Structure formats: C-alpha cells, structure tokens
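**Q** Given next are the chains, with one letter for each unit.
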Amino acid sequence: MTSLDELYRAEWGHLLAALIRVLGDFDVAEDALQDAFAAAVVDWKDSVPRNPAGWLYSTARHRALDRLRRRTKFEEKRMAIAEAMASTSPAPDPLEEDDIVPDERLRLIFTCCHPALAAEAQVALTLRTLCGLTTEEVARAFLVPIATMAQRLVRAKGKIRAAAIPYRVPEPGDLPERLTEVLAVLYLVFNEGYAASTGDALVRRELCAEAIRLARLLRALLHEPEPELDGLLALMLLHDGRRGGRVDEHGELVLLADQDRTRWDHVQLEEGRALVRATLRLGPPGPFTLEAAIAAVHSEAEHADETDWPQIAALYERLYVLHPAPVVGLNRAVAVSYAHGPATALSLVDALAEPLAGFHLWHSARADLLRRLDRREEAVAAYERACELATNDVERRFLARRVTELGNKGVRGD
Amino acid sequence: MEYLLLIYEDEKRWANMQQAEQESEMAGYRAFGKEFAAGIKAGKALQPTSTATSVRVRNGKRLSTDGPFAETREQLGGFYLVEARDLDEAIAMAAKIPSAKAGSIEVRPIMTFS
Numbered sequence: 001m002t003s004l005d006e007l008y009r010a011e012w013g014h015l016l017a018a019l020i021r022v023l024g025d026f027d028v029a030e031d032a033l034q035d036a037f038a039a040a041v042v043d044w045k046d047s048v049p050r051n052p053a054g055w056l057y058s059t060a061r062h063r064a065l066d067r068l069r070r071r072t073k074f075e076e077k078r079m080a081i082a083e084a085m086a087s088t089s090p091a092p093d094p095l096e097e098d099d100i101v102p103d104e105r106l107r108l109i110f111t112c113c114h115p116a117l118a119a120e121a122q123v124a125l126t127l128r129t130l131c132g133l134t135t136e137e138v139a140r141a142f143l144v145p146i147a148t149m150a151q152r153l154v155r156a157k158g159k160i161r162a163a164a165i166p167y168r169v170p171e172p173g174d175l176p177e178r179l180t181e182v183l184a185v186l187y188l189v190f191n192e193g194y195a196a197s198t199g200d201a202l203v204r205r206e207l208c209a210e211a212i213r214l215a216r217l218l219r220a221l222l223h224e225p226e227p228e229l230d231g232l233l234a235l236m237l238l239h240d241g242r243r244g245g246r247v248d249e250h251g252e253l254v255l256l257a258d259q260d261r262t263r264w265d266h267v268q269l270e271e272g273r274a275l276v277r278a279t280l281r282l283g284p285p286g287p288f289t290l291e292a293a294i295a296a297v298h299s300e301a302e303h304a305d306e307t308d309w310p311q312i313a314a315l316y317e318r319l320y321v322l323h324p325a326p327v328v329g330l331n332r333a334v335a336v337s338y339a340h341g342p343a344t345a346l347s348l349v350d351a352l353a354e355p356l357a358g359f360h361l362w363h364s365a366r367a368d369l370l371r372r373l374d375r376r377e378e379a380v381a382a383y384e385r386a387c388e389l390a391t392n393d394v395e396r397r398f399l400a401r402r403v404t405e406l407g408n409k410g411v412r413g414d
Numbered sequence: 001m002e003y004l005l006l007i008y009e010d011e012k013r014w015a016n017m018q019q020a021e022q023e024s025e026m027a028g029y030r031a032f033g034k035e036f037a038a039g040i041k042a043g044k045a046l047q048p049t050s051t052a053t054s055v056r057v058r059n060g061k062r063l064s065t066d067g068p069f070a071e072t073r074e075q076l077g078g079f080y081l082v083e084a085r086d087l088d089e090a091i092a093m094a095a096k097i098p099s100a101k102a103g104s105i106e107v108r109p110i111m112t113f114s
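From first to last, the protein sequence lines are chains A and B. Each residue of the first sequence is one higher than the last, beginning at 1 in the numbering used here. Each residue of the second sequence is one higher than the last, beginning at 1 in the numbering used here.
It cannot be assumed that every hint is accurate.
[Claimed, not checked] Under 10 angstroms between C-beta atoms, here's a sample of chain A residues computed to sit facing chain B:
no.: 1; residue: PRO115
no.: 2; residue: ALA116
no.: 3; residue: ALA119
no.: 4; residue: ALA162
no.: 5; residue: ILE165
no.: 6; residue: PRO166
no.: 7; residue: ARG168
no.: 8; residue: PRO170
no.: 9; residue: GLU306
no.: 10; residue: TRP309
[Claimed, not checked] Chain A residues, not near chain B, derived (Cβ > 12 angstroms throughout):
no.: 11; residue: PRO49
no.: 12; residue: ALA164
no.: 13; residue: GLU171
no.: 14; residue: VAL247
no.: 15; residue: HIS250
no.: 16; residue: LEU255
no.: 17; residue: ALA257
no.: 18; residue: LEU406
No wet-lab data here; the hints were simulated from the structure. A quick note: this is a predicted structure, and the numbers were derived from the prediction, not measured. By construction, the Cβ of each residue, glycine as well, lies at the ideal position given by its N, Cα and C atoms.
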C-alpha cells in the first residue's frame, strides 16, 4: 500500500481540481483537502480504505459543505452556489467510498495559467495547486520570503474570485493562444529549476521534474495532439537528461563540450529524441520543437567534436526567423562559429551589441570567439567584463578560470 | 457579473484623424454596440482631458485643479458598463472595441455589496 505522502504527491492536484469544481472556490477546496489528509492520518491507522482517493475526495467535500453551511449570512450566497454545483456532481452520497474522482485538472491548468494573472502568480499558483508544493516550498524555489509568496498566492486567488476568471477549458477558438500561455508557464517552471542560479539544489531539481510531469499530464488530458507541447516536453527531457554532466564533483559548471557524456541520462535522452522525430513529422516545427531538435542533435554526439554543427546552425537559422530574439541570435552565432568559423560568427555577435551589451553571456560568447581568433588581450577584457556582469557564483568562477588560463598561455608564449 | 470596460487611448489620435477615418471608426463603434446590445448596460464617450477638472479635499479645504488625475500617454476616453458571464467573456468584448487596436481597454469587475 502506498504511503499517505506518496498519495499526497500523486493525488493532490487531481483531488483539488475536482473539489474546486464542486465547491466553486480555491481556498475552501484547499482547506477541505488539507483537513481530509489530516483526518486520514488518524482514520487510516488500522485499515486503509479500498479507494483512498475516493475517501479523501468525499471527506473533503463533506467537510467543506458542512463548513459552508455554518457560515454567516454574508456567505450564504456562495453556499447556495456551492450546493447548486454539488447537486450537479455525479455522486449523490457524499461518503460513497467507490467514488471515482472526476479529472478536472485541465480546467485547473487553464485557470492557473490565465493571462489575466501575472506570470509569477501563474507559476506560483500552478505549483501550489496542481503539484501540491507547499507555499514554503514554492517560496524557497523562487528565493522569495514565505510571506511574499503567500501574499502572491492570496492576491491571485482573490483576483480569480473577484474578476470571475472562469474555471473552464477555453473554447476551441481561444485554445491555441491560451495553450501558448500554459506552455510558457511550464517552461518558466523548468528554467527556474534548470538555470539553478542560486539556492537549494534539491528544490530546483524538483521544479524540473514537476514541469516534465505537468507536460506529460497536459498531453494525457488534451484530446488533440499539440505539436508544440510535444516539442516542449522533448526539450525539457533533453535538457534535464544532460543534468548529470553539467556540474562536476566540486559543483563547478562544465561546458557542454567538456561534459562527461557517460554521466548523461541516455534513456531519457532517447525518449526526448524519439518525441522530436515524431513531432517533426506532424508539420512545420514551432520554436519549442526547433529548440528540442537542436538539443537532440547535441545529445546524439558521443563526443563534442562529433557534433553536427552545420545542422545545428541551420536549425538556429529557422528558429531565429520564428523567434528573432537577441538571445536566439547569440546562440545562432555560437553554432555558426563551429560550423563556419569564429570570424563569421564574430560579426554576427557584434551586430547584437546594442540589445545585449549588458548581458554577461554576450561578453563571454564574444570572449570565446576572440580567444579562438587568437586576439588574446581583447578576449581577456571581454571575459573580465562578463565576469563583472555575471550574477551566479558558479558561472563567475568559470569565467575567472578562463581569464587565468589565457593569462598563463600568454606567459608561456604559446 | 458586471464589468466596466475603460477605453484608454491617445486623444490626439482622434483629433488628428481625417473625417473619413473618424467616420469609419464611428461605424466600428456602432457595429460594436449592435453586436453586444444585450450585454451593454451603459456606455459613454468623454470630452478630451483638456476639459477635465480634478477635485480633492484636504484638511477640509476643497482644491480644484485643471486637468486629469494624472498626465499619461493615454487618456480615459470613454467606457462601457457591460454584463458578462465571466472574465473571458468580458475580455472578448473588450477586444472588439475599435479603440483596442490603437489604445488599450481596462477591464474592471464591478464590486457588489450584499
């Protein structure tokens, strides 16, 4: 039998989504579900019910309706709504143990990722409600004080209630646009875990796992295949699969070229590659799919020098057309440097000076090209500027090492 | 649910428009009014902010000053009070107001007191 902790991890989002539907309120549903889990700790000491999820759902709903009934006159209206909604739910007897809890998570995803909520609130709400992370855990993952995160969640739920953000899957006409919002949230969650700028490594790792879990869930819930969702899932699998090689035993950042590729998760990488291949067959690829294809090409090379750079450069070319952001241009330039030489790439990098001169990665990319062109002094200056601008200790140490290495080479005169 | 759709745009745009452009924009508003006749409870256009007066009372003293509450790039030019099922429906209406293309529409739920 699974433990209550495992049940919490596996079922929280599912149960909460169904309860919000029936009770018509995020807070009421959340409190009731907490109560039900607390009750289970006591009630399940001797024997665990046959259908634990059904038990939790029924208990939570029962308690919430009880509590709503006891509320003051001011709340009577909400109670009436809740009861009206409850009466349309499939289970007439609230403590029927064999209840199959309806899956309402798709509604919950679209409500949490509603564009009327601020991006940071969308992310927090998604992690709190769908993934069941506690407010403390979400706060820790985003390096904000618990009180700030609690406030953010309260405000978001307040807006859902006051502005009547619907608990509904968008109409087919609005679905593509709204799905883009959802994918952006998943990507934010993943990147927050992957970039690991600072903070608790374990919580960070969990964010990547949650983003992947949510993408899988979304895939299972949507009726139509969504190529960009598949592309995003593939991208996350391919990045996360390389995690083992990204940092060495001393916690230092290792460049893709220098990574020990035997430390990559090759099972996960193969899953990602298979997904990319299938998605590319569905039609012209979107930005996530192209990024996943680039990551797939990287992952195929057993050694860095076997990387198919011309193909990567061509994929970046297509990505830059779809998504002409300066950072994409920078990555394209780096790919071009390996496919067609650092001189060609340097002019591409220099063309991006205006938007990116305040960004440490622009300076470090430039420094690397200058180093490869044997323009050592300029390279050192660029590495030093990158070092000044970097915010992450691991990256800063890496850049400082580069400066030292170049200095040593100079002394030896090679 | 009731929502107030507040229409913000650069009022100079309207002032600088050719008559034909103004007419086509007005036709857009008439079409909007017809499409959402059932949901629109009230709607008005406002005179430009050059006609605005801001009034405040401080320490019991009334102060009237010339001009809008704040000088901004876009100004409140009009509003609709509408009935909508939820925020999504209100947003869908807001997006069809002709000025949404040039300015922006603020959607505010109306507070109800029981």
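**Q** For every hint, state whether the structure bears it out.
**A** The hints, checked one at a time:
| no. | hint | in the structure |
| --- | --- | --- |
| 1 | PRO115 | holds (8 angstroms) |
| 2 | ALA116 | holds (6 angstroms) |
| 3 | ALA119 | violated (17 angstroms) |
| 4 | ALA162 | holds (6 angstroms) |
| 5 | ILE165 | holds (5 angstroms) |
| 6 | PRO166 | holds (4 angstroms) |
| 7 | ARG168 | holds (7 angstroms) |
| 8 | PRO170 | holds (7 angstroms) |
| 9 | GLU306 | violated (51 angstroms) |
| 10 | TRP309 | violated (44 angstroms) |
| 11 | PRO49 | holds (37 angstroms) |
| 12 | ALA164 | violated (4 angstroms) |
| 13 | GLU171 | violated (8 angstroms) |
| 14 | VAL247 | holds (43 angstroms) |
| 15 | HIS250 | holds (51 angstroms) |
| 16 | LEU255 | holds (44 angstroms) |
| 17 | ALA257 | holds (47 angstroms) |
| 18 | LEU406 | holds (48 angstroms) |
Checked against the numbered hints listed earlier, the structure breaks hints 3, 9, 10, 12, 13; every other hint is satisfied.
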